[in-house]
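Protein chains in written order, with my numbering: chain A, 1 to 170; chain B, 1001 to 1204.
Treat the hints loosely; a few may be bogus.
Unchecked claim - As a list, the in silico SDA-like pairs of lysine to any residue whose alpha-carbon atoms are at most 20 angstroms apart:
(1) Lys-151/A <-> Asn-132/A
(2) Lys-1192/B <-> Asn-165/A
(3) Lys-105/A <-> Lys-1192/B
Stated by the list, open to error - Estimated spans, in silico, between C-beta atoms of each pair:
(4) Ala-99/A <-> Asn-1139/B: 52 to 62 angstroms
(5) Ser-101/A <-> Asn-1107/B: 26 to 36 angstroms
(6) Phe-12/A <-> Ile-1146/B: 21 to 31 angstroms
(7) Glu-126/A <-> Arg-1194/B: 38 to 48 angstroms
Source of the hints: derived by calculation from the structure; they are not laboratory data. Every residue, glycine too, gets a C-beta built ideally from N, C-alpha and C.
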Amino acid sequence: MLKQKGIYISLFIIVIVIQLFQYFKGNEQIVFIDNQKIFNEFKMAKELNAKLEVYNLKYKSVIDSLDIELTKRGSKLDVDDTLEVKKYLRFKEYCTKEAESFYTKANELNTDYNTQIINQMNSYIEELGKENHYQIILGANGQGGLLYANKGIDITDIALIYVNNKYEGN
Amino acid sequence: MKKYRDILIFIFLSFLMSCNNTSNKKVASEYILWINDTANNYRKRKDQKNIFFETTYRPLPYIIANEFRSDHIDDSLYQVRKLELEGMHYFSMRIQAKNGGDILMQNTESKQEYFKRVNHYSYDFQKNITLIENQDTINCKLFNFIRTHGIAPYVDFVFAFPSKDKQVQTDLKLIVEDEVFGVGKMNFLFKKERLNNLPKLITQ
């Protein structure tokens, strides 16, 4: 009976020690995340990049067709026929404007999407930090911002699962 | 030894009873509080920098409880109202400024931008809300933008999607595309198990 009591007390102490260890460990931990990896593998980033790719492909083919048509017209152009030259120049101007508008729109989309990705990812990372009581979450971008960190405090994979879960609405 | 075993059985039974809490019957006021509690997963929240987006799945008893505003709801009136409401999935959404200011003036000083936002939420926002059920994308059929004219730091929306089945067959994923605050696409997942395991509303 006394032996059993001893076992229960020991188990109780072990549980308390583990809890205390986790509590203090969580409170004091400084961790880091591989920025590039999390950005590339974040579901929202993948979705928006695919969307951007579709847009680029669609309009790139339009611009390419216009370019081919312009070259064709240019090769057949009679430089002495002023009316034809005027027509050709108007078409060329149209092609340039179309290309410009495509690149401007693609850049705007890219900027908008990046802002959305960064906004959502930052808010999820902040939640992760608060939930796990991390003191600091550093971002390693491979450009010297973080020169060395022990692999043991790399939470990239944990963070990736967390942000993707949060994005999915869980 | 027998004493320990009895204590363990008691704890286990208490645990089981607390788990089974969702099948409880609730009066209207309790029902509303229960659905509004984010811990029960009918209300989901996305925190962004200065704002948050909060969506609530509104089961029929919850809507009726909100309408009657009384713990004594007549059963026949309840049944009639339930029949009227059936066939849709109802949701509400709140966009709120964390600093307490007018949400429609967040990150802008321009009155022109303010009216652009009002216009967007009144007429275009409905197109940005979809529901995924059973791999089908369903468009929002009922939509109402509730303006607070700057009195409250939030704007509310209520919307609904047609549903074929009485029982929810799969998880419901509500997708909201934000175009105003630079947040973009947001997913809110409502688990099938939760939606099919609602408490009953006490009627008389």
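Q) When the hints from earlier in the document are held up against this structure, which numbers fail? A) Violated hints (numbers, rising): 3, 4, 6 and 7; every other hint is consistent with the structure.
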